[in-house]
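So the sequences go chain by chain: X and E.
Read left to right, the first sequence gives residues 1 to 654 (the numbering used here).
Read left to right, the second sequence gives residues 1001 to 1654 (the numbering used here).
Quick caveat, the hints were computed from the structure, so don't treat them as lab data.
Some hints could be false.
Unchecked claim - Computed list of lysine-lysine pairs in DSBU-like fashion (alpha-carbon distance at most 30 angstroms, straight line):
{"hint": "1", "chain 1": "X", "residue 1": "Lys152", "chain 2": "E", "residue 2": "Lys1152"}
{"hint": "2", "chain 1": "E", "residue 1": "Lys1392", "chain 2": "X", "residue 2": "Lys152"}
{"hint": "3", "chain 1": "X", "residue 1": "Lys447", "chain 2": "X", "residue 2": "Lys509"}
{"hint": "4", "chain 1": "X", "residue 1": "Lys284", "chain 2": "X", "residue 2": "Lys152"}
{"hint": "5", "chain 1": "X", "residue 1": "Lys392", "chain 2": "E", "residue 2": "Lys1392"}
{"hint": "6", "chain 1": "X", "residue 1": "Lys392", "chain 2": "E", "residue 2": "Lys1447"}
{"hint": "7", "chain 1": "E", "residue 1": "Lys1392", "chain 2": "E", "residue 2": "Lys1447"}
{"hint": "8", "chain 1": "X", "residue 1": "Lys40", "chain 2": "X", "residue 2": "Lys447"}
{"hint": "9", "chain 1": "X", "residue 1": "Lys152", "chain 2": "X", "residue 2": "Lys176"}
{"hint": "10", "chain 1": "X", "residue 1": "Lys152", "chain 2": "X", "residue 2": "Lys66"}
{"hint": "11", "chain 1": "E", "residue 1": "Lys1256", "chain 2": "X", "residue 2": "Lys256"}
{"hint": "12", "chain 1": "X", "residue 1": "Lys66", "chain 2": "X", "residue 2": "Lys176"}
{"hint": "13", "chain 1": "E", "residue 1": "Lys1152", "chain 2": "E", "residue 2": "Lys1392"}
{"hint": "14", "chain 1": "X", "residue 1": "Lys66", "chain 2": "X", "residue 2": "Lys467"}
As the list claims (entries may be wrong) - Sample of chain E residues at the chain X side, in silico, Cβ under 10 angstroms:
{"hint": "15", "residue": "Met1241"}
{"hint": "16", "residue": "Phe1242"}
{"hint": "17", "residue": "Glu1313"}
{"hint": "18", "residue": "Val1511"}
{"hint": "19", "residue": "Val1525"}
{"hint": "20", "residue": "Ser1534"}
{"hint": "21", "residue": "Trp1636"}
Glycine is no exception: its CB is placed at the ideal position from the N, C-alpha and C atoms.
Protein chains: 2
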Amino acid sequence: MSAQDKASASVSSSVVDCPVIDLRHSPFASLTPVSITNVKLEDNFWRPRIDLNRTVTIPSQLQHCKDTGRIENFLRAAGRSDAAFQGIFFNDSDVYKWAEAAAFSLATHPDPALDAELDAVIEIIGAAQQPDGYLNTYFMFERESERYTNLKDMHEIYCAGHLIQAAVAHHRATGKTTFLNIACRLADHLYLLFGPGQRVGACGHEEAEMALVELYRETRVRDYLELANCMVDARGGTPPMFGNSAYHQDHLPFIKQTELVGHAVRHLYYVCGATDVASELPLKECRAALDSLWSDLTLRKMYVTGGAGSRYEGEAFGAAYELPNDRAYTETCAAIASVMWNWRLLNMTGESRYADLMEHTLYNAVLPGVSLDATRYYYQNPLSDGGSHRRKEWFGCACCPPNVARLLASLTGYFYSTASSGLYVHLYGANSARIAYGSGHIDIQQKTEYPWNGEIVIEAALTGIAKTEIHLRIPDWAIEPVITIDGETILIDENSCGSYFAVPITDGKPVEITLALPMPVECIVSHTRVVSNSGKIALKRGPLIYCVEQADFATETADIRDLFLPDDADLETEFRDDLLGGLCVITGEALASPPTSVALYSRYQPDEMVFLSPVPLTAIPYYAWANREAGPMQVWIPTLPALVYSEEDEDDEE
Amino acid sequence: MSAQDKASASVSSSVVDCPVIDLRHSPFASLTPVSITNVKLEDNFWRPRIDLNRTVTIPSQLQHCKDTGRIENFLRAAGRSDAAFQGIFFNDSDVYKWAEAAAFSLATHPDPALDAELDAVIEIIGAAQQPDGYLNTYFMFERESERYTNLKDMHEIYCAGHLIQAAVAHHRATGKTTFLNIACRLADHLYLLFGPGQRVGACGHEEAEMALVELYRETRVRDYLELANCMVDARGGTPPMFGNSAYHQDHLPFIKQTELVGHAVRHLYYVCGATDVASELPLKECRAALDSLWSDLTLRKMYVTGGAGSRYEGEAFGAAYELPNDRAYTETCAAIASVMWNWRLLNMTGESRYADLMEHTLYNAVLPGVSLDATRYYYQNPLSDGGSHRRKEWFGCACCPPNVARLLASLTGYFYSTASSGLYVHLYGANSARIAYGSGHIDIQQKTEYPWNGEIVIEAALTGIAKTEIHLRIPDWAIEPVITIDGETILIDENSCGSYFAVPITDGKPVEITLALPMPVECIVSHTRVVSNSGKIALKRGPLIYCVEQADFATETADIRDLFLPDDADLETEFRDDLLGGLCVITGEALASPPTSVALYSRYQPDEMVFLSPVPLTAIPYYAWANREAGPMQVWIPTLPALVYSEEDEDDEE
């Protein structure tokens, strides 16, 4: 069967079904994500962001790709331009990620102009493809002989992976096979080289693993799954592929890996690919490794924002508890990769802890990566800053901007999944959806001001099937949540926070559910080994982590780095329409220490009291920082720890 | 005058005069260091270390140089070996630093075997020198055409600088001109290329600047000073030499520089060179820049140990107050460079603040770089560690080990300087010295257990000149010091701490001075902007910074990372002969928090008291860490800050 046949075979009609990952036929997955086209957002949080992503981000990123020679590189490879290769050798991937964003955007918001622009880009990409399926604009002409000679560093297969993901998205979003045909030809070419029984090889930068599984799901061509499985297994072998380099996750075979190490985005893309493979094949050891790695992330290597990869050197995971705030690398792409991974784990297992972390990471680690006006981006996301770290319009290594764009363009796909046991509600936000279910469908509508208010009213109706259940995620952070079903109130006990709460529903009998998630201001403390945070608290409300930013404090009143938050502080919240697109601030009273002396080190004088002055406190959600005038910001605020001496107790024990 | 003539001209006799830097003829220097040969150490701190340096370190490092092809690279360049170049392109410099260490060692401890070994190495180095004076074993044969094509990265002139410094040391130590002739030929060659009116160029890694000034001082050939001055001026020019790279200190002309930036060792070597030039030429702006840069180091970019260069990325200075403890890069070479710079500033200005920092850095930032048995080295010197960072016998990039060796071999040269106003005593430690002074000499003897005890008995006698003064450094850390001169006691007021105290002395009338520097245990706090240290104290006694190391605590009692030190802790000291070569420990009672829960983040419960258990505390000098079983270590210990609320006060003001 030719690649074109393969691609065509999967398209039965022009009905577009466009899930973010397609688990309909995955034997080892518990849930099936619903199509992004089934959900219409009606909220004031995500919808405006997705609109800006479509109207501002996607067009401006295409322009950046054009301005920086990224498109021209394809024209050159196609023999239509005499220009030299421009930029970095992996720049093709940015075009692919842009195309993926554009494709997902078309799925939820038809736009003939964008459709035509995307078609034009796909035509150029296709023209650059070689007769044998090879496609990488860097390794053309004078560098043709270098193809696949340096898998470790040169990102060839990584670029191929992004092409494949974009092509799958395009096919799902538009039903067109143009891009998918290119992807199949490229994947067939890779299969011949790196498939079962061929050269043991994978890319130094993982990505293609998950793309190939998705291409298998789209085309049902099992070769692609086998190739992905080979690539997952290629690392940590004997002889080692990349000298056992932990940076490249080549230090151990996947199933022996228990710690997230090396380049953060690479390892997180790797676990995405491994999760995808484990959703298709019976890989018990692989699932155990995934569980260990997730524990390593959440118990030892994650910022309170959900961000990961703390080290600048090697864009890497640090050691356990190595989570500096000012020099946090915390790449936006790593946060996106974590969302992608948690999404995959969630659907593979049906466990809500993954949905909790996915939501948390979306709000607190992905969103800070893009400015409120959707034109500028962070690569690194520090948790404290003196005011010099600002978002940029583009980067030489521009992985993060189109990564944000493709995630936002597909965000509605992360709200719901289905299973034989019913409908799973992962994310909250005003929306209405009609979701195919069995031989019938479920209509569901959420009315809520979430994330500003934890009251969520859900109306659901089942049609065409006798009965099922609606499973509502009760977040792990929920405090005394209350659920009301058709007027009957149920207190949810503490042990049910961090799981799905099942509400039965029967055909022809709509149900109205009100989930009330109280959102008091919470103070968060770190494990004592996180030395960066000792004696400090972070403010959180609902799913949002807060920060203090100098723009909310008159400089003559206090430098926000001199603030202390007493542990008995009375903290209130207030919704401010006028502020940063509308958001809920936390207010209260902090204490400011007097300006410090100039000395770097001085003798401690315990009898020398430091008098602290009260200062009105305003904290804003961390995602909104650095959208006003530059100034210091910090998430972690010093407090006075609740510690008491207890020598008597000790004496008693002796 | 030929190079050989130049070198020979400076040697009037076999009398060896071997100062670390020779300022006898420097018009803009206040002090003149005494020869390392004039001081005989009789103490139990430095003398055993210098002996081990001679008997263990220097022989083992030559062996490492042989084992790693560093010596063979010279044989290859000389046409005596067919081996390929081995190791890193700047490896010649390690051989030169070893030669410098060996030369200085010969000055204070004649050793015919080492002398012969050094002669043999010098012979090989000479054989590798090209007819035009060029000498770099990497840029030979197939790479000959690449010489000086990449000054930024390839360390050619840096290696030349180390050769020159070694050759000057060898000449001063032995009176032999063999190595100095090689150095002069190489410097003459550099002068033709980069001297006044020639190509504007300097090395991406500074070092040659100070070496050339020293070669000028040794030979009185002014070309070398001019060349050094050209190289200091080459940076930050128009057009820029290295693209205005701050990493290479090419962002600004030297005289405009106010902040230490980029690669720490490079910038610190650069300021050494600039200080050397400013001691010879009337460079007012250069001196002003040096002052600004020293303030930047001491007020914003220095660890409490004196270590500098906090960032792993680029082995660089961090931003102001960016001083993480666990990921402190704090290269041993940067500490050595700081000692070298402070030594130069001290002698240029006569200001004791530089001697204070030099001593502090020696004890607390250089010494940790080498194991107590003198066989293993640290490249990075973190201020807290989980137990995995251990010293190594050698490195691929082996700059630190021979740097430690050359400093220790010449350490006696840092004790004294002379000036028209008398003799300056910089360092304390039992020793006796006869120092040429004017037409006569000064005999001086120190009896002391310093740094364990702050009582220093000094006997001094002046011969052959009517009268002068002995200037004793009163350290900036001194607390109520007392000086007794021939039985008469003088209380030194607080304002005189951090300066030299002058004691008159006349010919034929020896003087006995007792300087008593009380050494209570001090608790040190950081500037509030050093977020790594907020709520923490460091222990210090006399010139030594202390740390706590797990080896002194039963693991079942407490993990040292769970300790708190109450601000009213009663801290004692005890000399322990048996411990780590004999040292003074700090003892007292700390409090240990209970084992933390496993969660990385949790809700803060202000009403949930944490009971702390008392634990016997032992702290050891930081220099001695990691010489026992591996385990956690930290310098900064959490305490309960002396902060009080003061809302009333604020109300009064309103």
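The hints, checked one at a time:
1. X:Lys152 / E:Lys1152: holds, 27 angstroms
2. E:Lys1392 / X:Lys152: holds, 28 angstroms
3. X:Lys447 / X:Lys509: At roughly 19 angstroms apart (the allowed maximum being 30 angstroms), X:Lys509 and X:Lys447 satisfy the hint.
4. X:Lys284 / X:Lys152: holds, 28 angstroms
5. X:Lys392 / E:Lys1392: Violated. X:Lys392 to E:Lys1392 sits at ~42 angstroms, over the 30 angstroms cutoff.
6. X:Lys392 / E:Lys1447: violated, 63 angstroms
7. E:Lys1392 / E:Lys1447: violated, 35 angstroms
8. X:Lys40 / X:Lys447: holds, 12 angstroms
9. X:Lys152 / X:Lys176: At roughly 34 angstroms apart (the allowed maximum being 30 angstroms), X:Lys176 and X:Lys152 break the hint.
10. X:Lys152 / X:Lys66: holds, 28 angstroms
11. E:Lys1256 / X:Lys256: violated, 55 angstroms
12. X:Lys66 / X:Lys176: Given pair X:Lys66, X:Lys176 holds - Cα atoms ~24 angstroms apart, limit 30 angstroms.
13. E:Lys1152 / E:Lys1392: Holds, because 29 angstroms separates the two Cα atoms, which is no more than 30 angstroms.
14. X:Lys66 / X:Lys467: Since the Cα atoms of X:Lys66 and X:Lys467 sit roughly 53 angstroms apart, the hinted pair is violated (cutoff 30 angstroms).
15. Met1241: violated, 23 angstroms
16. Phe1242: violated, 19 angstroms
17. Glu1313: holds, 5 angstroms
18. Val1511: violated, 33 angstroms
19. Val1525: For E:Val1525, the interface hint holds, since the closest Cβ of chain X sits about 4 angstroms away, which is under 10 angstroms.
20. Ser1534: Hint on E:Ser1534: holds, closest Cβ of chain X at ~6 angstroms, below 10 angstroms.
21. Trp1636: Given a least distance of 8 angstroms, the restraint on E:Trp1636 holds.
Hints 5, 6, 7, 9, 11, 14, 15, 16 and 18, counting from the list given before, are not met by this structure.
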